[in-house]
Amino acid sequence: MLTEEEKEEIRKSLKDVVHKREAVSDALKVVQRHRGWISGELPEVAEMLGMSPAEVDSIATFYSLIFRRPVGKHVILLCDSFCCWIMGYREVFEHLSTRLGVGFGETTEDGQFTLLPVCCIGACGVAPAMMVDEELYGDLTPEKIDSILEDYK
Amino acid sequence: MTAGTERKPLTGAFRADGAAPTLGEYRKAGGYEGLRRALKEMKPGEVTKEVLASGLRGRGGAGFPTGKKWSFMPMGEKARHPKYYTCNADEMEPGSFKDRVLMEGNPHLLIEGMAIASYALEASTAVIFLRWAYHAARKRLERAIAEAYDGNFLGENIMGTDFSLRLHVHSSAGRYMCGEEATMMTALEGRRPFPRAKPPHLSVCGLWGKSTVNNNVETICNVPHIVKNGAAWYKGLSRTKEGGTKLYTMAGRVQRPGAWELPMGTTMRELLEEHAGGMREGYRFRAAIPGGASTEFVLKGHLDTKMDFDSMPESGSRLGTGTVVVLDDRTCPIGTTWSLMDFFSRESCGWCTPCREGLPWIARILEAIERGEGEPGDMDILREHCRDLGSGRTFCFLAPGAMEPLRSALRYFEDDFMRHIREKRCTYGRAGL
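Same order as they appear, the protein sequences are chains A and B. When we follow our numbering, the leftmost residue of the first sequence carries the number 3, and every step to the right adds one. When we follow our numbering, the leftmost residue of the second sequence carries the number 120, and every step to the right adds one.
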């Protein structure tokens with residue numbers, strides 16, 4: 003069941019749109035912000051936007067940043083575009099993966115971090131780069147990664 | 120016009136500390152004067168004529184003349200209303216980050232450009248379609264939009280005229296496919312974002328079935344200055360017959376990666392040697408992708424080609440977004456190409472068969488070659504894909520765009536491909552594996 007708070011936030015996202023369904027990705031992001039991922043809320047979201055649950059499902063399964071499985075407390079998006087690749091993405095990935103003990107699409111045992119790949123994060127000037135939640139980090143090195151992860155513990 | 124924006128209209132009003140200028144600061148630098156001139160002194164058609172005369176070409180990669188695109192919009196009382204204007208701020212093409220720089224550096228410039236364009240096109244609602252990952256840009260845009268409403272540069276009866284405009288930000292949820300303009304309309308309509316058949320053209324049947332024009336962030340940011348200072352001034356900024364400046368960027372193993380606003384037609388050599396400070400110690404220039412992931416590689420011999428839409432084809436490539444990524448001599452070109460194709464394969468929407476089936480096949484072959492498991496016949500299969508996924512064979516331009524770097528990689532790095540296959544290993548130190 004959606005909480006009143008979630009419903010209110012979804013209603014707020016309808017403020018500027020031309021038709022309610024424009025806000026579907028925003029509505030899913032509201033639920034995701036509260037619960038980490040989208041599980042059984044599709045029918046309720048659909049009803050609020052005048053859509054069918056299947057339509058909302060077709061949106062939720064299309065976008066790479068709408069999660070259909072549980073994620074950790076923090077989501078790490080590691081850019082694997084060719085620019086970061088050239089600048090040492092592989093070493094960065096290996097360090098992160100070893101340090102966290104997980105591969106792409108996996109969550110650490112303590113539930114702190116989920117590691118996901120992302121295409122070009124728009125930080126090519128400071129490649130290799132990653133995002134943790136909404137924070138962008140560039141010029142990554144193993145040492146820098148260690149200190150960033152410490153801040154999120 | 121202030122000294123800062125005289126030669127650098129896009130970035131001249133950026134603050135030294137990297138923060139976005141407030142409305143007051145923006146106006147002090149001449150901001151919203153272009154909108155004032157458009158609304159008070161020009162008819163909508165005259166604005167379009169000025170933009171057409173300036174020679175402004177779309178900075179999203181395709182380079183289509185902006186004024187011409189605007190001229191397709193049905194105008195006047197006989198046109199169906201409401202009409203919409205959208206800004207493509209999705210920017211998910213690997214190698215590109217120029218639009219983020221502009222939105223974070225001066226959000227009011229984009230808002231003013233959108234207001235002027237909406238006036239020229241008689242649009243009553245405008246939407247910025249923003250990529251989800253650009254959180255800082257979203258916050259700055261939302262603040263600037265609120266300021267613009269308060270200052271009556273958006274909203275009802277702007278500056279006391281009959282023109283009213285609603286503008287909002289639509290934050291996407293992460294798919295490259297949404298950067299294709301017809302797909303963007305589908306995404307905005309809350310549908311699964313697949314491309315649409317054209318015709319009908321968006322100017323006839325776009326967002327919500329209504330007449331719509333869509334432009335890229337950088338394109339729109341040029342508009343206020345063109346309207347304020349005139350087409351002749353704008354043309355004079357360029358080194359070639361294409362008007363204006365260009366926000367070029369350079370990344371890779373160069374001394375100072377970054378973004379620079381320079382006259383249109385600046386060469387890649389100048390970008391590399393003067394602005395990026397040359398290659399990093401111990402690295403040499405091998406090749407470059409000049410304008411986002413869907414443009415062909417260029418080589419050292421092409422460094423003196425002028426970087427504008429008309430000149431770049433001399434190098435066998437395209438200007439695209441003008442965002443250069445340099446490949447050095449110590450990085451494996453096969454691994455780099457694999458990374459490129461892996462991206463396109465992941466981001467295919469799966470709507471049409473050649474793209475859905477072909478791109479993963481290409482990515483798997485390149486991965487095998489890079490891992491030392493390539494077969495002699497692989498080169499032929501890759502070349503066949505370049506044809507079968509080429510222009511006109513697929514529903515939209517995602518796969519043909521992907522074939523541009525692949526085609527040039529097969530041509531320029533053939534020795535590397537063959538050595539990988541022959542020696543059954545990656546021959547570079549940093550193999551990416």
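Incorrect hints may appear among the rest.
Listed below are several chain A residues computed to face chain B (Cβ distance under 8 angstroms; list not exhaustive) [as the list claims (entries may be wrong)]:
| hint | residue |
| --- | --- |
| 1 | Asp28 |
| 2 | Ser83 |
| 3 | Phe106 |
If you are wondering where the hints come from, they were derived from the structure by calculation, not from laboratory data. Given the structure is predicted, the values throughout are model-derived calculations rather than measurements. Even glycine gets a Cβ: it sits at the ideal position worked out from N, Cα and C.
Hint check results:
This hint holds: aspartate 28 of chain A has a C-beta 7 angstroms from the nearest C-beta of chain B, less than the 8 angstroms allowed. For serine 83 of chain A, the suggested interface contact is upheld, since its CB lies about 3 angstroms from the closest CB of chain B, less than 8 angstroms. Against a cut-off of 8 angstroms between C-beta atoms, the interface hint on phenylalanine 106 of chain A is violated, since the closest Cβ of chain B lies about 11 angstroms away.
Of the numbered hints given earlier, the model fails hint 3 alone.
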